[in-house]
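> Residues per chain, in single letters:
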Amino acid sequence: MEGSIVEMGKLIGAGIATIGMGGAAIGVGTIVGNFLSGALRNPAAAASQTAMLFIGIAFAEAFGIFSFLVALLLMFAL
Amino acid sequence: MAAEADMMEASGPAIDPMYQFTLKPLFGEGPIHWYTPTNATLWMGIAVLAIIGLLVFGTRRRAIVPSHTQSVAELAYGFVYQMVRDVAGKEGVKYFPYIMTLFIFIIFTNFLGLIPMSFSVTSQIAVTAVLAVLVFVSVTLLGFYLHGVKFLGLFWVSQAPLALRPVLAIIEIISYFVRPVSHSIRLAGNVMAGHAVIEVFASFAASALIAPIAMVGIVAMFGMDVLVAFIQAYVFTILTCVYLKDALHPSH
Numbered sequence: 012m013e014g015s016i017v018e019m020g021k022l023i024g025a026g027i028a029t030i031g032m033g034g035a036a037i038g039v040g041t042i043v044g045n046f047l048s049g050a051l052r053n054p055a056a057a058a059s060q061t062a063m064l065f066i067g068i069a070f071a072e073a074f075g076i077f078s079f080l081v082a083l084l085l086m087f088a089l
Numbered sequence: 036m037a038a039e040a041d042m043m044e045a046s047g048p049a050i051d052p053m054y055q056f057t058l059k060p061l062f063g064e065g066p067i068h069w070y071t072p073t074n075a076t077l078w079m080g081i082a083v084l085a086i087i088g089l090l091v092f093g094t095r096r097r098a099i100v101p102s103h104t105q106s107v108a109e110l111a112y113g114f115v116y117q118m119v120r121d122v123a124g125k126e127g128v129k130y131f132p133y134i135m136t137l138f139i140f141i142i143f144t145n146f147l148g149l150i151p152m153s154f155s156v157t158s159q160i161a162v163t164a165v166l167a168v169l170v171f172v173s174v175t176l177l178g179f180y181l182h183g184v185k186f187l188g189l190f191w192v193s194q195a196p197l198a199l200r201p202v203l204a205i206i207e208i209i210s211y212f213v214r215p216v217s218h219s220i221r222l223a224g225n226v227m228a229g230h231a232v233i234e235v236f237a238s239f240a241a242s243a244l245i246a247p248i249a250m251v252g253i254v255a256m257f258g259m260d261v262l263v264a265f266i267q268a269y270v271f272t273i274l275t276c277v278y279l280k281d282a283l284h285p286s287h
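So the sequences go chain by chain: A and B. The numbering used here numbers the first residue of the first sequence as 12 and each following residue consecutively. The numbering used here numbers the first residue of the second sequence as 36 and each following residue consecutively.
Errors might be hidden in some of the hints.
Computed spacing ranges between beta-carbons, pair by pair [to be verified]: (1) V17/A / L181/B: 50 to 56 Å; (2) S15/A / I245/B: 39 to 45 Å; (3) S193/B / V43/A: 50 to 56 Å; (4) K59/B / V17/A: 46 to 52 Å; (5) V43/A / Y116/B: 24 to 30 Å; (6) W69/B / S59/A: 40 to 46 Å.
By construction, these hints were calculated from the structure, which means they are not laboratory data. We put the CB at the ideal spot given by N, CA and C, even for glycine.
Let's have the full structure, built from the sequences with the hints guiding it.
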């Protein structure tokens with residue numbers, strides 16, 4: 012067992028930061044699920060809304076990526 | 036750096052998943068200056084050559100019955116053109132060449148990065164930050180050029196109750212300035228995460244017991260990376276179109 016308590020804190024912090032990805036997963040799942048349930052009710056309108064689907068996914072995903080970034084910063088930059 | 040490397044050797048996995056993203060000078064060793072040709076420069080050059088090969092030589096003959104190369108080039112052109120027209124509107128079509136350039140560059144560097152032993156340029160935050168900041172600055176300048184001070188109406192939500200508007204203005208301003216950050220980190224983070232996960236699975240394959248599972252994992256993650264490479268290029272482009280639409284029609 013070697014290494015300092017700061018290293019330990021970094022690794023634990025990086026691990027905790029990845030919990031944020033779960034939030035992004037929930038967000039993306041909600042968006043795609045709602046899109047699908049809407050699209051199955053009105054398939055004719057679905058094709059025109061796929062751009063909105065991807066914009067929504069991108070926004071929801073951005074915050075998961077931020078948590079990934081925090082984890083990376085903790086591991087390698089700080 | 037040396038202490039970090041020692042730590043990775045002592046406690047981390049045998050294969051460092053972040054090693055593939057290190058910039059190396061092409062010729063010899065030494066510090067990297069802004070003019071040093073690195074492996075990122077090499078793969079950007081290859082991407083540009085591939086784009087020229089597709090778009091210039093593919094459409095050289097302009098056959099009525101297109102060849103395979105020509106139909107791929109036409110498909111890419113039509114795809115981006117329709118995206119710009121649908122999202123940014125008729126006025127946005129004027130800025131189509133820039134958006135097409137962004138899309139083609141990102142998708143080529145993403146897919147070239149998927150070749151084993153290659154270097155994925157879009158995993159470098161420096162590269163994506165330049166792309167995103169250029170979009171941000173040009174869109175903001177365009178908004179002020181077209182609308183003058185009225186462009187600030189983007190932050191003043193006129194449908195909201197009057198008491199709520201200053202609060203909303205602060206939120207809108209913050210979300211406006213976070214745009215280049217999320218725009219660049221989304222692309223770099225997705226590409227980097229996808230490649231790093233493949234490498235993590237590869238480090239599992241060293242143990243004979245779980246090697247078959249790890250290999251299936253590598254194949255599955257590679258399939259997802261192909262999807263991510265396209266979707267992230269698409270998302271980057273479509274968000275550029277959304278920001279462009281905001282600059283063209285700033286009023287809420």
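> Looking back at the hints listed earlier, which ones does the structure fail to meet?
2, 3 and 4
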